[in-house]
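Add chains A and U to chain L, keeping to what the hints say.
Sequence lines, in order, name chains L, A and U. Residue 337 in the numbering used here sits at position 333 of the first sequence; the count goes up by one each step and never skips. Residue 129 in the numbering used here sits at position 6 of the second sequence; the count goes up by one each step and never skips. Residue 242 in the numbering used here sits at position 232 of the third sequence; the count goes up by one each step and never skips.
The hints are simulated quantities; they were obtained by calculation from the structure and are not laboratory data. Hints should not be assumed to be uniformly reliable.
Stated by the list, open to error - Simulated crosslink set (DMTMM-like; lysine to aspartate or glutamate; CA at most 25 angstroms straight-line):
{"#": "1", "chain 1": "L", "residue 1": "Lys171", "chain 2": "A", "residue 2": "Asp296"}
{"#": "2", "chain 1": "L", "residue 1": "Lys137", "chain 2": "A", "residue 2": "Glu387"}
{"#": "3", "chain 1": "L", "residue 1": "Lys148", "chain 2": "A", "residue 2": "Glu387"}
{"#": "4", "chain 1": "L", "residue 1": "Lys148", "chain 2": "A", "residue 2": "Asp280"}
Claimed, not checked - Only part of the chain A face toward chain L is listed, based on derived beta-carbon distances under 8 angstroms:
{"#": "5", "residue": "Asp280"}
{"#": "6", "residue": "Ala286"}
{"#": "7", "residue": "Leu290"}
{"#": "8", "residue": "Gly291"}
{"#": "9", "residue": "Cys292"}
{"#": "10", "residue": "Ser293"}
{"#": "11", "residue": "Pro308"}
{"#": "12", "residue": "Ala380"}
{"#": "13", "residue": "Gln384"}
{"#": "14", "residue": "Glu388"}
{"#": "15", "residue": "Ala391"}
Here a beta-carbon is modelled for each residue, glycine too, at the ideal position from N, C-alpha and C.
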Amino acid sequence: MGQTVFEPWNDPDAKPLIQFKGVTKRFGDFTAIDNQTFDIYEREFFALLGPSGCGKTTMMRMLAGFEAPTEGTILLGGQDIAPIPPNKRAVNMMFQSYALFPHLSVWDNIAFGLKRDRMSKDAIAARVEEMLKLTRLTQFARRKPHQISGGQRQRVALARSLAKAPKLLLLDEPLGALDAKLRQATQFELMDIQEKTGTTFVIVTHDQEEAMTVASRVAVMDNGRIVQADTPARIYENPTTTYVADFIGDVTIVTGRATRSGEGYEVRYAEGAAPIYSAFDIDLAEGDTCHIALRPEKVAISAERPEGRRNAVQGKIIDIAYLGNLSTYHVEIAGGRMVKAQTANTRRLSRRDFTWEDTVWLSWTDTAAVLLRE
Amino acid sequence: MRRLTWFNATSLTLGFAFLYLPMLILIIYSFNESKLVTVWAGFSTKWYGELLRDEAFIDAALVTLRVAVVSSTIATVLGTMAALVLVRAGRFPGRTLFSGMIYAPLVMPEVITGLSLLLLFIGIGLDRGILTIILAHTTFSMAFVAVVVSSRLMTFDRSLEEAALDLGCSPFDAFRLVTLPIIAPAVISGWLLAFTLSLDDLVIASFTAGPSATTLPIKIWSSIRLGVSPEINALSTIMIAIVAVGVITASLVTKRASLRQQAEERAAAQQA
Amino acid sequence: MRRLALIALPYAWLLALFLVPFGIVLKISLSDIALAIPPYTPTLDFSGGWAGLKSFVSQLDFENFVFLTTDDLYWKAYLSSLQIAVIATFLTLLVGYPIAYGMANAPDHWRATLMMLVILPFWTSFLIRVYSWMGILSTEGYLNQLLLWAGLISEPLTILNTPVAVYIGIVYTYLPFMILPIYSALERMDGSLLEAAEDLGCSRLTAFWLVTVPLSKNGIVAGCFLVFIPTIGEFVIPSLLGGSQTLMIGKVLWEEFFNNRDWPVASAVAVVLLLILIVPIILFQRNQQKQQEAEG
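Chain L with its partners taken away, still in its complex shape (with noise of 0.2 angstroms):
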């Protein structure tokens, strides 16, 4: 029996459980959220992932019901929230800073939601217990935040959130406080209790990495829009802008006039040098300015020029950042642009084949390289 696929955003039947139907937000004269319009399924892990000031945190205050929507609507399950003050809404947060309350043990704090319900003292006890144990807390449960270490607060915080299993979770940063070692492995914690759970989330952060670690789909936001909302593999592979190619991973932007060309395009990025081609069919006049995205990993270097490549270039290499297991050259090629390409380190550093000021062949196959509009 194979998995089936979960992608109910490509499914027309599915229905969203939070619905933006036009939403803008604006602080005076400052719009922090401009006309958005997107849904959000259930079960998803969905990513809102942007520089700071983007408007992801506006985002997800007005899920939580910290601030209203100056224009627009927003539906959970299909029903307007507007109305619903944050403490009756079936929504939990995580809060950046965790907001622990510091005058409460750990028990206390996973409880103290629940104790809003008016549930009885033994259906507390049993809830904290298993939140308890889904984030491995039972032994510090007596405990105060300031006593246990920065990651055990973070899981405190997250079974706080869970406690009174909402339809909805939201993550601020949730990671953002923890080392780099810490993340990564707190990112798989995340996913699993996310499965475990069925809750749905949606996480704002700014780290691109932790986004495409944890998320089913990734909302790349730029000045209170999303430019582009999809699964992080498409996200890498196929950005529709260059702020997204650029935003998501290391990547070379060349800028040049397209030209019609069988299935793709070719791209003329300097005065006397053969044209980029690239096989992406989107929709460009003659002569328009288009972008070529490519990713310095696609870009293979060599001495002689390859066989069988369309898109093979000369250039002189600039400069080597060696990073260990991979080296990253910078080549500058026709128009003094500069393309980046990388090579794993195979071998060791002593036996590098290329080195400073030597002239190289660059070449990438026709799907490699990623054609946009703007």
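Okay, now just chains A and U, sitting in the frame of chain L:
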């Protein structure tokens, strides 16, 4: 690491000697046998006995305590409310006047506050007594509470309240269950400050107290205007002792608590 | 709704017991001396409408303020209050700065204790702290006894009931207000700044003048205002330590009110005192704001 230089050691020694010698002399001479305060005639605790048998002093002390407890409690409630308004309420009509009225009593000469309140009480026909002193003390000490509490509120992490709301608290519950317990130390020190100011006040109480209510400072004042008295020395010693025990205990307790917290945080960071 | 109640309660309290009393002081200061008990003529009667208000205003006069300028007791008292406040503030700075400096440079584990020792007198009765000097400074007091015993003087000095005693009293009681802001400014100072200054060729003394003093300027200014403002209206210290020759406006107001029972003049004295205080208070607030902005 900072070292203690000769200059610093000297200035600290002289400075603290200046601060504490007068009080030390007062304490020593409160055990003086002689009625002549400046002549040492041997050790005795008889002035303490005289003091405790003097009903006027005991009555004044009781009045003062009652006034201080009631006025500082009302001042703490009103001052905390005022602090919340200053830090949280944003803009509202008359905000400038409000914050002006909060801060003004801090710098207002006591003679003016006392005079103006007295004229008000006479104007509305309120008999001067314990009630009028309480009203007066509440008014000027709530400003101090407001300043202490608002400076704590300014550094308060608002996301804690948002978390409480997010977990289902009403705004009032969020304040009661989260904000208040966390700012409690500031509220308590505000209360203590208001209490001390009330205990200590001579000028405003003199204006607003009638013949029916004499506070301890008023009583002390009428005795010492005529010169140094051994009974007052004994009383001063008792008051200094109470304050010293209170302040030293409080600072030891907070110091130990902060040391323990530091140790626990360090331990928590290591086990991670 | 709740927000409204939150604002309304303290607001109403302050209006009724802070602002309205001031209105009354102002009104009485403009009223006739004639009556020493209320109602002070004229009274404001709103039932008279506009005409009533007009006749009320026409009855007010600046007689009491004119009186303040004609009797030289008052302007002498204002001037001498200012003079005493300025000198006492300066003396407090001279005494307080070295203490604050010593505290800021004391070993770390001493600081909490030193801090407590500075604050402790603040919690003890002001009256008692002033009183403690009476026994020291009187003609047969401990200081004179000590000096006579040491053979430094042959006749006891008269210190109590002179301005010198007032200065001592002010410096003594207001010293914590000077030390604390200066200490907190000095404590925040980065020690490597002085090393940098010395590295660039300053002697320790010039480094102190060119680096430490400017960096503690905000603390000095705040401390000076905290001493200067309450000193102007001070009543207890000049009454207990100053004797009859020390004129201070707080004492004049008190005597005008309690001894002469002249309430309109006492009110006029209060109004003028307030006007004098407004300038330093505004300057002080500016300084605090500037400091807050610089830190925030």
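Okay, the hints, checked on the actual structure:
| no. | hint | result |
| --- | --- | --- |
| 1 | L/Lys171 to A/Asp296 | 23 angstroms, holds |
| 2 | L/Lys137 to A/Glu387 | 24 angstroms, holds |
| 3 | L/Lys148 to A/Glu387 | 10 angstroms, holds |
| 4 | L/Lys148 to A/Asp280 | 17 angstroms, holds |
| 5 | Asp280 | 6 angstroms, holds |
| 6 | Ala286 | 4 angstroms, holds |
| 7 | Leu290 | 3 angstroms, holds |
| 8 | Gly291 | 3 angstroms, holds |
| 9 | Cys292 | 6 angstroms, holds |
| 10 | Ser293 | 6 angstroms, holds |
| 11 | Pro308 | 11 angstroms, violated |
| 12 | Ala380 | 11 angstroms, violated |
| 13 | Gln384 | 6 angstroms, holds |
| 14 | Glu388 | 5 angstroms, holds |
| 15 | Ala391 | 5 angstroms, holds |
Of the numbered hints given earlier, the model fails hints 11, 12; all others are met.
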